[in-house]
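Visitor: Here is how the chains run, residue by residue.
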Amino acid sequence: MRIFDPHIHMTSRTTDDYGRMAAAGVRAVVEPAFWLGQPRTNPGSFTDYFDSLVGWEPFRAAQFGIRHFATIALNPKEANDPRCRPVLELIPRYLDKDSVVAVGEIGYDAMTPEEDEAFSVQLALAVEYELPALVHTPHRDKAQGVKRTLDVVRESGISSGRVVVDHLNEVTVGEVHDTGCWMGFSIYPDTKMSPPRMVEILRAHGLERVLVNSAADWGKSDPLLTRRTGEAMLEAGFSEDDVDRVLWRNPVEFYGQSGRLDLSETADTGPLFEGSSILRGGS
Amino acid sequence: MEQNAWLTDAVARVGDSPRAIVRLFAAAGRHYRPAEEARIRLLHALPAEAVPYWIDDLYRHGDSNEKLAVLRALPDLPLDVEAVPLLHDALRTNDTRLIGAALGPYARHLDQHAWRHAVLKCVFVGVPLEEVDNLDQRADRELAVMVSALRAEREAAGRRLPADAYRLLERIP
Ligand SMILES: [Zn+2]
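Taken in order, these protein sequences are the chains called A and B. Just so you know, the working numbering puts 165 at position 165 of the first sequence, and the rest follows in order with no gaps. Just so you know, the working numbering puts 61 at position 61 of the second sequence, and the rest follows in order with no gaps.
Just so you know, these hints were derived from the structure itself, not from any lab. Any given hint could be a false lead.
With a Cα cut of at most 25 Å, we get these calculated SDA-like pairs of lysine to any residue [to be verified]:
| hint | chain 1 | residue 1 | chain 2 | residue 2 |
| --- | --- | --- | --- | --- |
| 1 | A | K77 | A | G44 |
| 2 | A | K77 | A | V171 |
| 3 | B | K121 | A | G219 |
| 4 | B | K121 | A | T14 |
| 5 | A | K142 | A | R197 |
| 6 | A | K142 | A | V121 |
| 7 | B | K121 | A | D51 |
| 8 | B | K121 | A | D48 |
| 9 | B | K121 | A | G44 |
| 10 | B | K121 | B | Y53 |
| 11 | B | K121 | A | T15 |
| 12 | A | K77 | A | G219 |
| 13 | B | K121 | A | R60 |
| 14 | A | K147 | A | L207 |
| 15 | A | K147 | A | H205 |
| 16 | A | K220 | A | D141 |
| 17 | B | K121 | A | S52 |
| 18 | B | K121 | B | N65 |
| 19 | A | K220 | A | D190 |
| 20 | A | K220 | A | Y49 |
| 21 | B | K121 | A | Q63 |
| 22 | B | K121 | A | F64 |
| 23 | B | K121 | A | W56 |
| 24 | B | K121 | A | K220 |
| 25 | B | K121 | A | K147 |
Footprint (simulated), chain A over chain B, 3 or more residues, beta carbon under 8 Å [unchecked claim]:
| hint | stretch |
| --- | --- |
| 26 | 25 to 37 |
| 27 | 52 to 65 |
All C-beta atoms in this analysis are idealised placements derived from N, C-alpha and C, irrespective of residue type, glycine included.
Isolated chain B (complex conformation):
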């Protein structure tokens, strides 16, 4: 089957029966490229009331690419704060792709303490800060203090922070 036809059919099946998403979501990349586009379309095919349950289920049972698709879909899905635990899970990992994806627009639901630590972790593990949504508006004095302390440690060891971290420090008033 041609890939657009596969996706159209898969979207219809998920609309009829949300449980169908379990296998379709995992196998999407073997029928449609880019896989992430197909996975996000499948998430949008879920009935609104089923979204909180299934994003949690698919994230927790997902491999890294499935987890990434869920995280990237969050801002546009009918959700309130239900998916915040998924952000915390992603931010606990050391997978730079998951950390970056957790800091998209949906991260507005993270409290300021958790958000600052997440940005600091980006600097620490080298996630480009351009992946952090709304960075300039949200960065505060306390974040500047934390990043400056990391800079002092790095520089004492003869190393440097990533260039985007220096630029961030210059921008924080």
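Next comes chain A alone, as it looks inside the complex:
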């Protein structure tokens, strides 16, 4: 089983986790920029963090044969702190980096006017830098949050196929499915989504435009829940090819839209990768 975790915060994980992930079949990860638990108080804190996402963290991952990519953004929670907002001016330079494959996590936390503005400004950056967007949905008041998220995405003019709306559940999946956006599911030990529930969602909505991630971070989470979901799919009668589609080809297809998903140093990337490689022509 080859696994591409499309959303995991490796900065908060140990080097032993990389070893366990590699042993479980994880060969590529995307680490979205997000909140660190302790609120930041100035833009410099962000640049050091972003630098580690395009510097130290890919180096650490490579020791285990794992390719590490990142998404960069000012997250919605800290978009509310006026001391942090100047980081918006520093973000564009990161969006040119080879290993940055999307703008994210953007979206809503408490649905404030400040979040509105940071969200739409950063969706515009995604369009300008020709990157997909990774959109976080709030854990409180989720149904309302998803509705408003989809409105803002529509108004931004970004193509829906270049947006993943993440942390969905049984209640919110249908609405996102109808928009043409990609659907992200974070599999957690207790809350949000479990492997058996994920299998039911795949049965009901199909495999298309679905991304399954562990979203593992500093909270109670487990970087191997992608693998557990693949196993649950097989037990439920899905084929090996179905599992490969959800856990590998789908994230390759989504982030491949960046034109920067270089998986050439990853073992067994398979034929499907070829079409979404790097070195696109033009410019």
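Got chain A; can you put chain B with the ligand on it based on the hints?
Guide: For chain B with the ligand alone, kept in the frame of chain A given last:
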């Protein structure tokens, strides 16, 4: 656009306006392979008086591959000691590629204390000593003492130094 044409155009743009290097340098690998070759050509396209400013800017804002390209370009760029702080930065990391790249010919500007510690760090983290420029000429008694002390610690723990470190000790008079 074919990759040589892209690079020719990019080099001309940097010659006209050094600031153009910001985006071209970051995106080079998506238009030209090997990326590092393109990045080094772009650095050489900078007007000489602009080199100290831009190598500092590009290194500090660079991802690991951009930092590597800057470090590897240093010996052939019109520079005096201006880029020494970049070597210190690279040597503070634990990224073996950056440490090795910091010890090329431009490391002649490192003082002997910093240089010895950098070589010792190579032995410690396993950077091949062949990456250290001018090693045999510069290695001195004090470096031999430091490497021997590390050897004693390692061997007391039942471990060994990399083979090239033993060979270095034999060569230091
Ligand atoms: Zn997250």
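Visitor: Each hint: holds or not?
Guide: Tested hints:
At roughly 17 Å between alpha-carbon atoms, A/K77 and A/G44 fall within 25 Å of each other, so this suggested pair holds. Using a Cα cut-off of 25 Å, the hinted pair A/K77 and A/V171 holds, with the two alpha carbons roughly 23 Å apart. Between B/K121 and A/G219 the CA atoms are separated by roughly 35 Å; this puts the pair beyond 25 Å, and the hint is violated. This hinted pair checks out: B/K121 and A/T14 have alpha carbons roughly 23 Å apart, not beyond 25 Å.
A threshold of 25 Å between alpha carbons decides the hint, and for A/K142 with A/R197 the separation of about 18 Å falls inside it, so the pair holds. Proximity of A/K142 to A/V121 is assessed by CA-CA distance (about 22 Å); at most 25 Å being required, the pair is judged to hold. Distance check on the hinted pair: B/K121 and A/D51 sit about 23 Å apart at the alpha-carbon level, within 25 Å; holds. Under the criterion of a C-alpha separation no larger than 25 Å, the hint pairing B/K121 with A/D48 is consistent with the structure, at around 23 Å.
Distance hint between B/K121 and A/G44 is unfulfilled; the C-alpha atoms sit about 28 Å from each other, more than 25 Å. Between B/K121 and B/Y53, the direct Cα distance comes to roughly 29 Å. Violation of the 25 Å bound is thereby established for this hinted pair. About 21 Å separates the Cα atoms of B/K121 and A/T15, which keeps this hinted pair within 25 Å; it holds. Distance hint between A/K77 and A/G219 is fulfilled; the C-alpha atoms sit about 16 Å from each other, no more than 25 Å.
Proposed proximity of B/K121 and A/R60 is supported: the alpha carbons are some 18 Å apart, at most 25 Å. Restraint check for A/K147 and A/L207: satisfied, since their Cα atoms lie roughly 22 Å apart, inside the 25 Å limit. Of the supplied pair hints, the one linking A/K147 and A/H205 holds, its CA atoms being roughly 19 Å apart against a limit of 25 Å. The straight-line distance between the Cα atoms of A/K220 and A/D141 is roughly 21 Å, inside the 25 Å bound, and the hint therefore holds.
Pair hint B/K121 plus A/S52 holds up; C-alpha atoms about 21 Å apart against a cutoff of 25 Å. About 21 Å separates the Cα atoms of B/K121 and B/N65, which keeps this hinted pair within 25 Å; it holds. Between A/K220 and A/D190 the CA atoms are separated by roughly 8 Å; this keeps the pair inside 25 Å, and the hint holds. For a cut-off of 25 Å, the pair hint linking A/K220 to A/Y49 stands: about 22 Å separates their Cα positions.
Our distance criterion of 25 Å between C-alpha atoms is met by B/K121 and A/Q63, whose separation comes to about 18 Å. A distance of roughly 22 Å separates the Cα atoms of B/K121 and A/F64; the hinted pair therefore holds under the 25 Å criterion. Straight-line distance between C-alpha atoms of B/K121 and A/W56 comes to about 17 Å, which keeps the hinted pair within the 25 Å bound. With a CA separation close to 37 Å, the supplied pair B/K121 and A/K220 exceeds the 25 Å bound.
With a C-alpha separation of about 54 Å, the suggested pairing of B/K121 with A/K147 is violated against the 25 Å cut-off. Given a C-beta distance limit of less than 8 Å, the hint that chain A covers the stretch 25 to 37 of chain B holds, as 7 residues qualify and 3 suffice. For the stretch 52 to 65 of chain B, the assignment as covered by chain A holds, since 4 residues bring a beta-carbon within under 8 Å of that chain's beta-carbons and 3 suffice.
Taken one by one, the earlier hints fail for this structure at numbers 3, 9, 10, 24 and 25, listed in ascending order.
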